[in-house]
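Novice: So the chains spell out like this:
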Amino acid sequence: MMTNPGNRITQGQFSFLPDLTDAQITVQIKWALQHGWAVSVEYTDDPHPRNTYWEMFGMPMFDLKDPAGILMEINNCRKTFPRHYIRVMAFNSTRGGESPAMSFIVNRPEKEPGFTLIREERNGRSMGYTVRSYATERPEGERY
Amino acid sequence: MSQSPESAADAVPMVFPDDTPVDLDAEFRASNIQEVLDKLDRELIGLKPVKTRIRETAALLLVDRLRRKLNLSSGAPTLHMSFTGNPGTGKTTVALRMAEILHRLGYVREGHLVSVTRDDLVGQYIGHTAPKTREVIKKAMGGVLFIDEAYYLYKPENERDYGAESIEILLQVMENNRDDLVVILAGYKNRMDQFFHSNPGMRSRIAHHIDFPDYGADELLAIAKLMLAAQNYCFSPEGEKAFAEYIRLRMKLEHFANARSIRNALDRARLRQANRLFARSGNKLTKLDLITLEAEDIRASRVFQEGKLDRDGDEMVGKDGHAANIRPSPVCRQAGGEGKT
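Here the protein sequences line up with chains A and B, keeping their order.
Take any residue in the first sequence, note its place counting from 1, add 5, and you have its number in this note's numbering.
Take any residue in the second sequence, note its place counting from 1, add 12, and you have its number in this note's numbering.
Just chain B, same shape as in the assembly (with noise of 0.2 Å):
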């Protein structure tokens, strides 16, 4: 009896001659890798270099999976990464799609994103810490684990923190579960920085950092016209004037958080205009005049009045600079799905 195919390949890997042709271009078709690619760029204003980033990182993958059809085996890769950048500048978004990326890729099996920050990690008393995270990682296994404000994890100036505990269990996910899941560290530079100085073992698990850039103002004013064309919105070309102009004074002043603070201030400017068709009840409202926003919605922001910050929405910034509570904790986000710039 002759050995069936399959077992004849377990037994000994096949050794492909050198010269064996490689079709990176079908491989490349195959992933539908230019589909997200293409989305990233269409949905992502500016963010040069994690774009550059991104395709490396799907390059490298790519060609390992080739490598890996021809028996050249270079072990898994390690895909933990970590996210550093100013608050706004579409840690979260990225995060998503580079799930949808390494779903694509096969890399991981479900491509889902559980994101979550220290207080789905940490537990309140001893014995508590270790069974939360454990189940924040089951339900990450097989997708992205995002694990926003990292930093937070590990308090130094309280030796008997839980967070500790957290980091450890982890670590030895991110070693052990390499091809289970994939950990994205976010937060800000300095304290990330600081964070992984404090913690050597955490460092040299993560393969990929990617610095997040600030936006400029043209770039924040195409991310404002995308975000309004998503809930089927439009400035007038005085307000699209207006709001350029809002945005060079919003820079200036303080708690200043990028894409965030263009949402929160378009949310505001919905408000003003919804006020707006109220007061001039009785006139003719057409379509066009429930879709645009007008200079006057804009302009009456206190950031053209007083050079102050609006009350409400920024306020959601705390008092030393990072936000709180923007984000809902822990939620599976399929890939794919809406994502908040």
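Here chain A stands alone, though its shape is the one from the complex (with noise of 0.2 Å):
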């Protein structure tokens, strides 16, 4: 059963809807600016759920009031890895807060080959799962 076609991976916000406008993620930025939060630009071509940190797309962008800025390294980063992800992230770094605030997809490959279910057969009848993306078949940088 296909519960999710063309693979598209889901994580983050916005990653069931179809992908965000370069003003739509404008107007998302401008959000997140708005709370004083950092907003950093960041890639990866390994799409698995618990592959948290992913590659700086140079430093987050602190003091910036206007998110053409922001805009621009999305589109520099689009060119330098047009077939990986990209995501935009916005850390929120009050006192007591110091966490990621907001994380969203704005780049994807053309074709997401999606994840396979691997079972391991344990000790008794006991089974283990987990589950690997098929590009990750491939090395890193060759994936998509």
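Hints are computed from structural coordinates only; laboratory data are not their basis.
Quick reminder that beta carbons are idealized off the backbone N, C-alpha and C, glycines included.
Wrong hints could be hidden among the right ones.
Said to hold, decoys possible - Sample of chain A residues facing chain B (criterion: CB under 10 Å; computed from the structure):
(1) Ala43
(2) Glu47
(3) Trp59
(4) Met61
(5) Gly63
(6) Met64
(7) Met66
(8) Asp68
(9) Lys70
(10) Pro72
(11) Gly74
(12) Ile75
(13) Met77
(14) Glu78
Unchecked claim - Straight-line distance between alpha carbons at most 25 Å, and here's what the computed SDA-like set of lysine to any residue pairs gives:
(15) B/Lys144 x A/Asn80
(16) B/Lys60 x B/Leu73
(17) B/Lys144 x A/Pro65
(18) A/Lys35 x A/Lys116
(19) A/Lys35 x B/Lys237
(20) B/Lys144 x A/Leu76
(21) A/Lys84 x B/Glu177
(22) B/Lys237 x B/Arg311
(23) B/Lys81 x A/Ala28
(24) A/Lys84 x B/Lys237
(25) A/Lys35 x A/Arg55
Grab the two chains, each in its own frame, and use the hints to assemble them into the complex.
Specialist: Okay, here's the thing in structure tokens:
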């Protein structure tokens, strides 16, 4: 049964929606900036859901007032890694918060092969399960 | 199904008949621009040519906005500017106001001013400059980037200087992100001319060259009174006379930095006033004593006694005549905040 046609990975915000347009991304970033969150751009080609730390594309951007600068970085990143996953993250640095407040994907590969379910037979009749992306069968940088 | 009005307007721009009435006055009132211009008139003494130029620019932008409403597109106007003038003639203050005006007219989205110098743009080793410059530009987006003493970016005597790289990135951004930020370059007249001469690309991308004249003695006195009023001080009648005389003497001495010298002189006068009040302790003081600067506070200056500069304050003016380290470097200042004259 295909519950997720096209195997689009669903991580972070808005991932069940169609891809955001640049105008929509701008509005989301504006929201983050209004809260004083530091926005950063990150990329990866390992779509596993437990892959928490993606590569940073440049430093997190502090003290910005306007989303145009971040959109410029996003487009730079898209140009450099056109077939990678790219996400925009907003970090809330207030004491007690100190964690990502927003995270959404702004770029994904054209074809996402999805995941395979691996079953492991263990002692007795117990089973172990794990998932593995078809894409990660190839080395980093050649996956999509 | 009929199309919705917006999508119809998107598809074919509506053409208005030539006799469509336009309400310039209503647009003018709606932009609240008069308020900013009045504030400019009130808080900035003198600077006639600058004010005229700002008024013209504001008018152009307003008319441009009306034209856009009637679908008469003429491309986004180039708003990059260069402010030239001697130290202390109010370039930074006007830049702050400019940011506010552009914000009111909707040409910049946020209306903040990011004030930088060479140090904030140029890196110390290979590969450091580009990210540094870009970071500053990103901070300024949606507002105004004010580059003070911009000619230091270009050092012709050292061909390996990283400043050129910074200029290149700036040029690129000034061209491609014209609707994201406005760049204002500031500096002394002749050095800026030299800078533009050796960077023709920069010259051609800057539409407005505004020259700031030096202040006259009466204008400086008016500025002094304005500064004191902002700090809840005032001159006694003799104090005012003494200060007028001080200005006259000070203007003849070297390193005269217009309003900045006046501010420093006032700071020193406040110091002497506090001292004088202490020396008289025992006597009853009133509120009036706390706010009044007397003639003796001003006449104690070395300018009167020896015809020389006071030891503190004015020494911040470097030996080749430009102010060193007086401005706080890159700070985001909200338009409409405290302007320093």
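Novice: Now tell me, hint by hint, if it's right for this structure.
Specialist: To see whether the hints hold, each was checked on the structure:
This hint is violated: A/Ala43 has a C-beta 12 Å from the nearest C-beta of chain B, more than the 10 Å allowed. At a threshold of 10 Å, the smallest CB-CB gap from A/Glu47 to chain B is about 17 Å, leaving the interface hint violated. A hinted interface residue such as A/Trp59 counts as satisfied when its beta carbon comes closer than 10 Å to some beta carbon of chain B; here the least separation is about 20 Å, so the hint is violated. Interface hint status for A/Met61: violated, as the beta-carbon distance to the closest one in chain B is roughly 13 Å, over 10 Å.
Hint on A/Gly63 holds. Least Cβ distance to chain B is approximately 7 Å, under the 10 Å limit. At its closest, the beta carbon of A/Met64 sits 8 Å from a beta carbon of chain B; the interface hint therefore holds under the 10 Å criterion. Hint status for A/Met66 relative to chain B: holds, with the closest Cβ pair at about 6 Å, below 10 Å. Hint status for A/Asp68 relative to chain B: holds, with the closest Cβ pair at about 6 Å, below 10 Å.
With 10 Å as the threshold, the beta carbon of A/Lys70 comes within range of chain B, its nearest partner Cβ sitting at about 4 Å, so the hint holds. Of the supplied interface hints, the one on A/Pro72 holds, with its beta-carbon coming within about 8 Å of a beta-carbon of chain B, less than 10 Å. For the restraint placing A/Gly74 at the interface with chain B, the shortest Cβ-Cβ distance is roughly 3 Å, inside the 10 Å limit, so the hint holds. Taking 10 Å as the C-beta cut-off, the interface hint given for A/Ile75 holds, the closest approach to chain B being about 7 Å.
Checking A/Met77 against chain B: minimum C-beta separation of about 7 Å stays under 10 Å; hint holds. The interface hint given for A/Glu78 is met, as the beta carbon of that residue sits about 8 Å from the closest beta carbon of chain B, less than 10 Å. The suggested pairing of B/Lys144 with A/Asn80 holds, with an alpha-carbon distance near 19 Å, which does not exceed 25 Å. This hinted pair checks out: B/Lys60 and B/Leu73 have alpha carbons roughly 20 Å apart, not beyond 25 Å.
With a CA separation close to 13 Å, the supplied pair B/Lys144 and A/Pro65 stays within the 25 Å bound. With a C-alpha separation of about 30 Å, the suggested pairing of A/Lys35 with A/Lys116 is violated against the 25 Å cut-off. Between A/Lys35 and B/Lys237, the direct Cα distance comes to roughly 42 Å. Violation of the 25 Å bound is thereby established for this hinted pair. For the hint linking B/Lys144 to A/Leu76, the alpha-carbon distance of about 18 Å falls within 25 Å, and the restraint holds.
For a cut-off of 25 Å, the pair hint linking A/Lys84 to B/Glu177 stands: about 22 Å separates their Cα positions. Restraint check: the Cα-Cα separation between B/Lys237 and B/Arg311 comes to about 17 Å, which is no more than 25 Å; the hinted pair holds. A C-alpha spacing of about 22 Å is found between B/Lys81 and A/Ala28, which places the hinted pair at or below 25 Å, so the restraint holds. Distance hint between A/Lys84 and B/Lys237 is unfulfilled; the C-alpha atoms sit about 57 Å from each other, more than 25 Å.
Between A/Lys35 and A/Arg55, the direct Cα distance comes to roughly 28 Å. Violation of the 25 Å bound is thereby established for this hinted pair.
In this structure, the hints that do not hold are numbers 1, 2, 3, 4, 18, 19, 24, 25, in rising order.
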